[in-house]
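Undergrad: Single-letter residue listing:
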Amino acid sequence: MDIRAQVSMVFHLDKCIGCHTCSVACKNVWTDRPGAEYMWWNNVETKPGTGFPTLWEDQSHYKGGWELKGRDGNKKLELKSQNKIDSFVKLFYNPNQPGLEDYYEPWTYNYANLFEAEAGDDQPTAIPVSLITGEPMNIEAGPNWDDDLSGSTFYAENDINLEELSDEEREQLFEIERISMMYLPRICNHCANPSCVASCPSGALYKRGEDGIVLINQDVCRGWRACISACPYKKIYYNWKTGKSEKCILCYPKLETGQIPNCFQSCVGRIRYLGVLLYDADRAAESMKVPDKALVESQRTAFCDPFDPEIIKMAKANGISDEFIKAAQLSPIYKYVMKWKIALPLHIEYRTMPMLFYVPPLLPVMGKMANGIYTNALDNFFTSLDKSRLPMKYLARLFSAGNEDIIEYVMKKLMAVRYYKRTLDMQDIDLVMMNKMMREGGTTPEEAEEIYRLTAVPTIDQRFVIPEIQREESIESTCNPEICKGSCGIGVIQPPTRGL
Amino acid sequence: MTNTLLFIVLPYLAVFACAFGSIYRIKKEPMSYSSLSSQFLENHGLLWGSLPWHLGILLILLAHILAFLFPSFWQTLTSNQVLLMAIEAIGFGLSILCLIGLVVLGIRRLTSPRIQAVTTPMDLLVIALLLAQVGLGAAIAVHCKWGSAWCSGTTTPYLWSLVLFQPDLSNIEDLPILVKAHIVCAWFFILIIPFSRLVHLFAVPIEYLFRPPQQVVWNNSRKLNEETPAFAKEETRRHFLNAFLGIGFGAFLLSVGTLSKVFSFFFGPRLSEKEETELMEVRLAHLESTVDQKKLELERQASKYIMVAPITELNPTAGKYFIDYKMQPAIAFKGKDGYPLLISAKCTHLGCTVGNKVDSEGRILCPCHVSYFNIETGQPNAEAPAKTPLGHLPWVIMDEQGKVMASRDNKGQTSCFVQPDALSAGKVYIAKSLEDKTT
Ligand code: SF4
Ligand code: SF4
Ligand code: FES
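In the order they appear, the protein sequences are chains A and B. Each residue of the first sequence is one higher than the one before, counting from 1 in our numbering. Each residue of the second sequence is one higher than the one before, counting from 501 in our numbering.
So here's chain A without its partners, still in its complex pose (with noise of 0.2 Å):
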């Protein structure tokens, strides 16, 4: 057993209300620079829709993520386009490389037209450039261009999660008036077993020993953008000026430093969560041979119980300190994850072992009609599940391989946690009715309870559980910090300019 500490992060989406707050907190520190201004290190996008880079989620065109491949027993991952002889080819030109097309052309507007207009009959208009070649254009696209678009046939439609819909539960689904959908936010999932750092010709990506973020060098990277085909999320962006890849960095000079992470920090909705999860680094490979429903299970096996006394003792031989254990133990992601068993990972058939994992939303769900009303008959509680208008299936897609009765589980258990609070405060259930209820939704009084507290109205330190990192004894992976002192960006020393 190799026990590694990782920095995980929780998104209950039941919460988020897609405000885009995240995105401008991460845009505004990080990738306001030339180059950067199509990134989004962080992103939220509506679901149903093709999201951020057009249709990410097309690994038959964009080949990210591990495959399953060879026979029983002797299963291995391969990178699903990078391997290691091609990887040499399409460093001349990488078919499964997305570009601007894929994104959209970055533009601000001709300001300085509004006051320097010469005199004459019309309104002056501050007309869009292009942030590339500093030229008139149309805009085509942007970020987020499809948001709150659920249901147009357009952008919605070809969500690639929708295939396995029927007419009926698609025309459910898409139904005038009564859309409904839900936001995705998403960041670099700081993964376990990121295709990106395993197809870096240069090796320059790396996952931090002491807390698993995921990091690019930018003074070992060459601009080879195998990393931006390889991870599935699309989550790699290349700096067209600098030449080099750049992504999330899950704020590290911030967690360093013990402060949340701006996208963290920021949000409006308080879904995000960030803590300490111990991991079996032997396993992190390993888990993700399964087959596709069996993923999720698979990936919880990897986990390990901060309070066992056998782990506890392991990961101080490894190094990780007291304050990450202390970190791991009262980590929110702990509970979402292993405990409670209702926070999933996003698409883990790309088997890379996301560490962020999401909540998944349960309001489309309740939001079934009948007539167009609103109920909840207690006798139908949970067959409304089966004629959600947010199908299960579609859930199940994003969040559990295919899986639906894991979906199930959640969505039980959160109906459950949901009534059960109701009950107390609005006492118009019968005690017998919820009783029955609870068990069908696995869960108990206590459980509940504590759900209900992390969820509704938690403190801000019981969202971020920030380990103590000991910076001052840390040489950073690029420079030690006595050294560059001062030095600008992200730890790179030298300006981030354009080479002849």
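Rather than coming from a laboratory, the hints here were simulated on the basis of the structure. Every value quoted in this text rests on a predicted model; they were computed, and no experiment measured them. Among the hints, a few may not be true.
[As the list claims (entries may be wrong)] Beta-carbon label-pair distances, calculated as ranges:
hint, chain 1, residue 1, chain 2, residue 2, range
1, A, L131, B, Y524, 51 to 61 Å
2, A, P128, B, L547, 22 to 32 Å
3, A, E101, B, F520, 39 to 49 Å
4, A, I85, B, F688, 25 to 35 Å
5, B, F688, A, P128, 38 to 48 Å
6, A, P291, B, L566, 28 to 38 Å
Note that the Cβ used here is the ideal one computed from N, Cα and C, for glycine as well.
On the provided structure of chain A, position chain B with the ligands as indicated by the hints.
TA: Frame of chain A, contents of chain B with the ligands only:
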């Protein structure tokens, strides 16, 4: 003077600048060290430009390097007619592929506004230089045929003379201007590597083939110093490896000559007294044999006649080699008229020894760069790199007593003083008196 500048000073300057410039850039300005791909901005043109260009140029460079590093191997390859043709044809095809790629890349750079946003003047210079260089290469393939064969007698020794710090221009001095331009262009190319995007040449990620898929880097120095998984020290090693691979090739070229000498001076084996005497003896023996040879040469030059062969031994299709007064090779045949036919065997192109087998068209072949010479007229074939004919040598036929039976002078005039049948008893000689006049 210009030659010295272009072919001796420039190369050393270029390699030196390339090695040190690249190391400096890789170490001190790693942020600028990138392939600077523009696929993100423009996809389609890149496919039709970058792929043909890179695949073509890589194979061509490989052939150049093989010819330089393993001259004898390369020579055996190219001495086979069929292989030679194949190599030439493939090479030409690849250079056309490269040219197409380059033109596409060039057009893309000049017409796409997005690409222009990331184009520096240096990028344009690089494309221009590459176009010129590949164009020259293709022109050489057309105008100075069989370059893959003649390089082993010309450019390869020149390059090795540079590597061994004994620059010797004699091998390339007489090369056509096209070839010289190609060489100079190549040196310029090496010179600008560290100052342009070409530095990405050194970034070829060879180590990717051997590294484990996942990389973990520990921040904490305590952990770093502990004996933990193999990746722990990866970081520093990787930096080192990168730089090492990057400059390895350049450094290799530079160091082969000097280092081995310096090394053997300090660390080479010391000789014992006995070994030293033995060495002296060997040297003495060498000297003596040289003296003998020189004596022999002198003697030959002093004697009036030099015997070639009894006339009966001459053959119309398989010539007999001999050495003339000027210590140059020549071949003796039996001519169509029954008289001896003596022809110089020193190729008028670059001086290789011409073969002695006559082909069906009455020609002999210089194997170095494929010139065919007609033995009757001495003329080379039209496509041959050799442009002037091989000379004929005058001869006399004498009997045992030293009586001249027949002779041919340096104008090709034959005179016979006996019955033609009687000639078969004679021996063929070249005569100094006659030969002198030919010069
Ligand atoms: S999501 Fe996973 S594969 Fe993608 S960049 Fe992040 S760590 Fe790498
Ligand atoms: S800031 Fe929070 S609530 Fe707003 S979009 Fe981002 S994750 Fe959702
Ligand atoms: S030396 Fe060049 S053809 Fe003979």
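Undergrad: Return the numbers of the hints above that this structure violates; sort them in rising order.
TA: Hints 1, 6 not satisfied by this model.
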